[in-house]
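**Q** Sequential numbering of the sequence shown, starting at 244, is according to this note's numbering.
Read the hints as simulated data drawn from the structure, not as lab findings. One thing to keep in mind: the hints can contain errors.
Stated by the list, open to error - Okay, derived cross-link-like pairs now, DSBU-like style, lysine-lysine, Cα gap no bigger than 30 Å in a straight line:
#	residue 1	residue 2
1	K728	K649
2	K593	K583
3	K435	K451
4	K435	K449
5	K583	K449
6	K728	K583
7	K593	K727
8	K451	K255
9	K593	K451
10	K727	K649
11	K613	K284
12	K649	K583
13	K504	K255
14	K435	K447
15	K593	K649
16	K613	K504
17	K504	K284
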Amino acid sequence: MHTSSDILGHPKGLFVCFATEMWERFSYYGMRALLILYLTKHWEFSDAASYLIYGAYTSLVYIMPVFGGMLADQILGSKKAVTYGAILLVFGHLGMTVESNEQIFYLSLALIVSGVGFLKPNISTMVGALYEEGDPRRDSGFTIFYMGINIGAFTATLLCGYLGEEIGWAWGFGAAGIGMLLGLIIFLWGQKYLEGLAEPPSEKYKEKKAGITFENWAYISGIIMVLTTWFLVQNSQLVGQLLGGFGFIFIGAWLIYALFKCDPEERDRLIVVGILILFSLIFWALFEQAGSSLNILTDRGVDRVILGWEVPASMFQSLNAGFIFTIAPLFALLWISLAKRNMEPSTPIKFSIGIVFVGLGFLALVYGMKSSEGLQTGVVWIILIYLLHTLGELCLSPVGLSSVTKLSPQRIVGFMMGMWFFASAAGNYVAGLIARATSSESSGVSGEVYNLAQKQSFIDVYTDVGLMAIGCGIVLALITPLLKKLMHGSS
Numbered sequence: 244m245h246t247s248s249d250i251l252g253h254p255k256g257l258f259v260c261f262a263t264e265m266w267e268r269f270s271y272y273g274m275r276a277l278l279i280l281y282l283t284k285h286w287e288f289s290d291a292a293s294y295l296i297y298g299a300y301t302s303l304v305y306i307m308p309v310f311g312g313m314l315a316d317q318i319l320g321s322k323k324a325v326t327y328g329a330i331l332l333v334f335g336h337l338g339m340t341v342e343s344n345e346q347i348f349y350l351s352l353a354l355i356v357s358g359v360g361f362l363k364p365n366i367s368t369m370v371g372a373l374y375e376e377g378d379p380r381r382d383s384g385f386t387i388f389y390m391g392i393n394i395g396a397f398t399a400t401l402l403c404g405y406l407g408e409e410i411g412w413a414w415g416f417g418a419a420g421i422g423m424l425l426g427l428i429i430f431l432w433g434q435k436y437l438e439g440l441a442e443p444p445s446e447k448y449k450e451k452k453a454g455i456t457f458e459n460w461a462y463i464s465g466i467i468m469v470l471t472t473w474f475l476v477q478n479s480q481l482v483g484q485l486l487g488g489f490g491f492i493f494i495g496a497w498l499i500y501a502l503f504k505c506d507p508e509e510r511d512r513l514i515v516v517g518i519l520i521l522f523s524l525i526f527w528a529l530f531e532q533a534g535s536s537l538n539i540l541t542d543r544g545v546d547r548v549i550l551g552w553e554v555p556a557s558m559f560q561s562l563n564a565g566f567i568f569t570i571a572p573l574f575a576l577l578w579i580s581l582a583k584r585n586m587e588p589s590t591p592i593k594f595s596i597g598i599v600f601v602g603l604g605f606l607a608l609v610y611g612m613k614s615s616e617g618l619q620t621g622v623v624w625i626i627l628i629y630l631l632h633t634l635g636e637l638c639l640s641p642v643g644l645s646s647v648t649k650l651s652p653q654r655i656v657g658f659m660m661g662m663w664f665f666a667s668a669a670g671n672y673v674a675g676l677i678a679r680a681t682s683s684e685s686s687g688v689s690g691e692v693y694n695l696a697q698k699q700s701f702i703d704v705y706t707d708v709g710l711m712a713i714g715c716g717i718v719l720a721l722i723t724p725l726l727k728k729l730m731h732g733s734s
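Sequences and hints are given; from them, build the entire structure.
**A** Okay, here's the thing in structure tokens:
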């Protein structure tokens with residue numbers, strides 16, 4: 244129902260959530276743009292070690308929302324969880340400004356991971372709670388909300404990237420922290436517009452166990468998450484082992500449920516979901532080179548001089564969000580136009596196209612690297628790979644979550660969503676392993692060395708993953724007729 248207090252036809256609470264999430268994403272992407280460069284240049288870790296730390300960090304960012312979401316659903320409610328997550332994030336980002344203590348650095352990463360775990364899943368829940376069931380404004384409300392994510396990502400990679408590389412690391416990380424602090428202030432100020440929404444699910448949070456309320460037990464659980472993550476980011480290979488172990492458990496549970504708990508139609512659809520989740524893992528493992536190996540290559544092996552100014556490498560990560568701004572509306576019009584002609588590609592075909600675009604991006608960059616004289620590659624090839632990867636993202640990402648919810652039996656849709664995000668976490672960890680393959684022994688521990696051997700390492704790895712991606716996309720396209728049959732009309 245519209246009221247006079249609405250803004251642009253939407254509840255004021257939407258714009259509180261919009262601003263909070265925008266600043267949270269500003270802080271996250273600002274820090275992400277600098278992280279791999281900070282590891283190799285400031286701490287002078289080897290490329291291989293830096294990629295593993297980066298992969299562990301980004302994979303944990305996708306795992307922790309499972310726990311943060313559970314604590315919100317059972318005890319805290321989304322509003323309290325978002326507030327707690329924002330506080331952890333502020334401390335984490337401000338801790339990143341301390342450049343002299345390695346343990347404070349790891350603790351700051353842990354605070355950021357845990358803060359995202361509490362904030363990220365629950366701010367989206369709050370947006371949904373602003374609209375009654377069947378409210379026609381819901382989809383456009385989420386569109387506005389997601390615009391905030393891209394505004395945050397775009398501005399952060401430009402501002403934090405510039406400050407961090409040109410003035411000092413603490414300035415870049417500090418800007419990210421100030422952004423998150425603004426988000427927290429806006430969220431606390433806007434509580435009056437979220438009255439009665441996303442409150443604790445019951446009075447259980449007030450009850451006590453061992454003299455401590457369940458609400459405080461939830462906050463203590465958050466501290467345990469921080470301490471656990473603090474340990475894991477320093478033991479990145481253990482993260483891979485945990486992901487492997489939980490992966491077997493997820494796959495086993497999925498197979499058992501599909502075989503023994505579903506009717507034939509549900510089983511067929513669950514098989515399709517599992518296949519799509521597997522291909523999404525492949526996609527994210529390649530797409531997420533942006534913050535790691537592509538960032539290093541841009542820093543060391545790309546001629547970044549534009550109009551007489553050498554653009555900081557981290558600022559190129561703004562290209563993804565910038566392309567989304569300009570291209571996403573065109574994609575939306577394209578799908579609508581094709582749907583009217585009964586020609587819109589099915590979900591598996593969109594996945595296939597997305598993966599092929601990622602592969603083409605790598606092969607285009609390889610062509611540019613091979614055709615360039617000397618060590619430096621022209622900047623146009625970095626712009627091109629980001630363009631092609633963004634096209635791939637727009638084909639796959641928007642339909643991914645909706646396909647999971649649409650094809651999964653309602654009684655286990657939460658579990659299958661968990662599998663989707665687990666695959667994203669695993670993809671980010673695998674991205675670290677792929678990035679590690681681009682490092683060469685000749686690069687040593689210095690963050691400044693780039694020679695023909697390392698250039699060839701990038702060419703070899705990017706050729707392999709580019710061809711593999713195109714091959715995977717073709718395989719998925721070939722099996723699409725079978726998948727459409729198994730989907731039983733849910734395209």
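**Q** Against each hint, give a clear statement of whether it holds in the structure.
**A** Verification of the supplied hints:
{"no.": "1", "hint": "K728 - K649", "verdict": "15 Å, holds"}
{"no.": "2", "hint": "K593 - K583", "verdict": "17 Å, holds"}
{"no.": "3", "hint": "K435 - K451", "verdict": "28 Å, holds"}
{"no.": "4", "hint": "K435 - K449", "verdict": "22 Å, holds"}
{"no.": "5", "hint": "K583 - K449", "verdict": "53 Å, violated"}
{"no.": "6", "hint": "K728 - K583", "verdict": "22 Å, holds"}
{"no.": "7", "hint": "K593 - K727", "verdict": "13 Å, holds"}
{"no.": "8", "hint": "K451 - K255", "verdict": "35 Å, violated"}
{"no.": "9", "hint": "K593 - K451", "verdict": "50 Å, violated"}
{"no.": "10", "hint": "K727 - K649", "verdict": "14 Å, holds"}
{"no.": "11", "hint": "K613 - K284", "verdict": "27 Å, holds"}
{"no.": "12", "hint": "K649 - K583", "verdict": "21 Å, holds"}
{"no.": "13", "hint": "K504 - K255", "verdict": "44 Å, violated"}
{"no.": "14", "hint": "K435 - K447", "verdict": "23 Å, holds"}
{"no.": "15", "hint": "K593 - K649", "verdict": "16 Å, holds"}
{"no.": "16", "hint": "K613 - K504", "verdict": "53 Å, violated"}
{"no.": "17", "hint": "K504 - K284", "verdict": "53 Å, violated"}
When each numbered hint is compared with the structure, violations occur for hints 5, 8, 9, 13, 16, 17.
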